[in-house]
Structure formats: C-alpha cells, structure tokens
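Colleague: The lines below spell out each chain.
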Amino acid sequence: MNAHITPLAPVPLLSVKDIHKTYGGRIGCTEVSFDLYPGEVMGIVGESGSGKSTLLNCLAGHIPTDSGRVLFDTRDRGLIDTLTMSEPERRMLARTDWAFVHQHARDGLRMSVSAGGNVGERLMAVGARHYGDIRAQAVDWLGRVEIDEDRMDDRPTAFSGGMQQRLQIARNLVTGPRLVFMDEPTGGLDVSVQARLLDLLRGLVREMGLSAIIVTHDLAVVRLLADRLMVMKSGHVVETGLTDQVLDDPQHAYTQLLVSSVLQV
Amino acid sequence: MSDYNFAYLDEQTKRMIRRAILKGIAIPGYQVPFASREMPMPYGWGTGGVQVTAACLTPEDTLKVIDQGADDTTNAVSIRKFFEKTAEIAVTEKTGTATVIQTRHRIPEEPLAEGQILVYQVPIPEPLRFLEPRETETRKMHALEEYGLMHVKLYEDIARHGHIATSYAYPVKVEGRYVMDPSPIPKFDNPKMDMAAIQLFGAGREQRIYAVPPYTKVVSLDFEDHPFDPSKADHPCDLCGAEHTYLDEVIIDDDGGRMFVCSDTDYCAGRQAKGHRGCLSPTEEAAQ
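Going line by line, the protein sequences match chains A and B.
The numbers in my numbering rise by one with no breaks, and the one at position 228 of the first sequence is 228.
The numbers in my numbering rise by one with no breaks, and the one at position 229 of the second sequence is 1229.
The shape of chain A in the complex, shown without the other chains:
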C-alpha cells in the first residue's frame, strides 16, 4: 500500500527529542523522540490515556512541556526549537506553516462566522485585504473539501458533523501549511462519513505533499493514511515502524493486543 514512499530528504521537517511532560506526579508522556520528514505522515495510536493527545498538544505548543526539544525546519532560518521561540513567532507559525485539526470541529471553527469567513480568516490573518480574492480562494477550498458553493455563506451551526469537519480541514489548509497536526480527525463521525473524510484527507495529503501527525485510536485510519506508526502506552512509546509492518507483524505485547482487538466484520 505504501509502496510509493519517496526517498527521505536529508533534513527532517520536524525533529522531536526527548519530550517529557508530567501532570503533577503522573506521566503525561515521556522519552518521546522521532524525526518526521517532508511528505511523511505519521500515526500515533494507543488507548485512551496513553498520552497521545498530550504529546500532540506539546508538539503544537498548546501546552508547555517539562523538557525536550521540538525542532521545526522553518522556511527562513532552518531548524529552530519551537518550544523556546518567542510567542509571536510561534503564533505566526501556527497560522502559516502549521495547521491543527481538532477532534471536535467546534473547537477549531468560529461557529458564529460563515463558512467562507472561516476559511478566509487565516488568509486575512496573514494580510490578505482583497475581498474578491479571499472569496475566490474560499470557494476553491470549499470545493476541494466537497462543500457546495451555495453553502459558503451559511454558518457552521447549519452544517452536519462531517461537513463541519471538512470545513475545519479547508480552513486549516488554505494557507498551504507544511505540517498538519490532527487529533482524532474522524472521531465522532459515522462510518460512511469517516470513509469519505479519509478519502479526502488522503487525496489532499498526497496532492499537497503535506507532512502530518495523526493521533487516533482507530487502526483503520492509520492503515489508510499513515506511512509510519508509533504505538503509545502509559506515556511511553512501545513500538515504532512502518505502518504495515507494525500492524501485520506486531512485536510488543500491547500492540498485539491492540491489533487483535479490532473486530473483523
């Protein structure tokens, strides 16, 4: 399935070193290190409470880490530790080169602003001041996520869950980010809508050459989307490898349990 993996570039897009985060005495996640190369999609799987969302939020700068480094290959200055960069820089990064897709679309959308306005917000945040251009780009992006143009002036409250999630994706990708963080992007959607969303995501990721980190507990999602897989348990990474390798030949006892727990219909 992942036979078309491109040769890895020499410089990683994101280099994570020894991330450690505790909540009081409890471990959130610890000793997490990995490199993510341009165009690569990495899945993080594990049960609830295994620290995968904590890790994602640490990487995206949403919560402070206790120790570790997150090096990102910025366009102008090369590899820079995003945890120690200034807040304006990090927020700038978060609305240009990075994107974050929340599990609940409501967390990532402005519910009182029309779909077009939601997509246009990031454009206006980086200085777009031409209404016609902003609207044209919004139409283009809504089309790419299969939302009809005649819905663009409706508020997200009038959208179904699947549409909200697709809108959130359009809103995030409109500035052409290079790295997308996704927290359970298909959680809470019914199976057929999930399949459509996955299809869409896979298309966009391949077409735009995005790098992505996807946190999920759904093995089918990573099977379809991820090149590489990281399995977490109790805040530790217990197994890493190519997706198919990990899923078809799990080595760690927990991974074996995880894989065998999936119901076969």
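Simulated from the structure, these hints should not be mistaken for lab results.
Only true hints are included.
Quick look at which bits of chain B chain A covers, simulated, 3 or more residues with Cβ under 8 Å:
# : segment
1 : 1148-1155
2 : 1158-1167
3 : 1223-1235
Every beta carbon over 10 Å from chain A, so not counted as near; a handful from chain B, in silico:
# : residue
4 : E1060
5 : V1091
6 : T1092
7 : A1196
8 : Y1215
Using N, Cα and C, we set each Cβ at its ideal position, and we do this for glycine too.
Following the hints, complete the assembly by docking chain B onto the known chain A.
Modeller: Relative to chain A, chain B alone:
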C-alpha cells in the same frame, strides 16, 4: 460653595484617572485599565465619560454635553446639571466656546480646535469582543498586532449584505498600530477623528480609558475592493438645508411622513440663525 469635592470625585481618584489618561495619550489607541468608581448614574449612561470629564475639568473650563449630537436630551441635560452642581463651572451649548465636550455617539459638525478636549462615552471598548469573547486572548491579539479577525467581521458584512453594513462603532487603526473602537459614533464621523483636539474615551463598566492625541492618523479599516464609505442619509437637512451634515430621520405623523434634521442641534440652530432654511422650516410654512 458646593458640598461636593470639585467635580464630584475625590482628588486621589482624579489623580488615578489622570494617570490612566496620560498613559492612554502616550500609547494612542491602547486600552488602559483603570479602577472605575461607582457614579450616581446607571452603567450605560456615561459613567466612564463622566469620570474622564471630572478628571479633566478645571474651574476655568466651559463644558458642553451632547447626546447623539443634541444638547437637550435627558442624558446630556442631566450630565450637564451634574457638573454645574458639583463643579460650579460654566456650561454652554456652543461647540466653539466649550473647552471640554462630553459626547455620546457623535462628533460635533463644527471642526474642533487645539485646546479643546472631546470626551466619549464608551459602552464596549474592545473592538474584537464580538468575535473573540476571551479577554486574555484579545489582549494578546492587541499586543501581537494580530488583527486579521477584525477583517473577518467586515468580510461577514459583505458576504451577508453585499457591502460593509457596519454603520457605527466602525473599527479604526490608530497611528498604524492599535485597532480601536471609536465608540458608537456613526462611520460618517470617522474621518473627523484626525483632528486638532484631544480625544479621550472612557468606559466605566468595562474599566478602560483610551485616547487619541491631536493630529494622530486614524484610518478606518476596509478591503481594497470595498473601500471605506462614510455614508449618511441622502437628503438635505429639512430645517437648515445643510447637505454635508449627519442627519436624524424623524417620523412626524402616522401616514409615512418623515423629516431629516441635523443630529447636531447646535450646528443646525447656528445655520438657521444665519438665515439658512430647509424645506420644512417653520418660517417658510408660516409664509405660505
């Protein structure tokens, strides 16, 4: 001698407010928090403006108070009386002779001069509030100059109404830095904010003071293809015939009859005294 301390507030409070005003003038458009006091009037009636006026007044000042441009409405009359009683200062309805003008929702038509102070009553000082409810977040957005959200509001206007339908409290950028809510003045007044007088803004309930120093650049936000338009009713004043002033629409019967009059009563009366006439002026009716 009045039983009140001069201008109602105690000296320490006025001192505290003056410090906030000075800070506001030093950083044009920046909202300075201050310890707003209870005033003998309800929130929303100009408690912020009254405190700023009280802190600015000296015994030699002449005060003018307007409400929607008019000198004779409840809010204007009661605030004027308040300061007549507590500060025993001279009051006027003439824009030109006033040294301090407290206003609700208008800038006088007559251009203000150096040495005058215009005090605005502000209900909600935060221009980003309706899009971003978190105060911590809006402060951060001001600090980091992240104003894209302001344009989202204008975008929504155009998407819904075909043009920028915001007609009052139209957001402005002050001296190329802070985005500011000019209080609910009509956008017709926005271009006048580039003026010779000092402009002070007081929000009592929200406990914020901000300011625009004289000759400061104030730019109304817009899109390249939807430029800012300081619109007004397309009609001359029915009492003084002025075509360049902001007008109020007044319903005069239950038969669809209406008239347009200058919202600035002092300016309108001044023009009528000089012999200008509109199509509903009483003298003309009497002549017929």
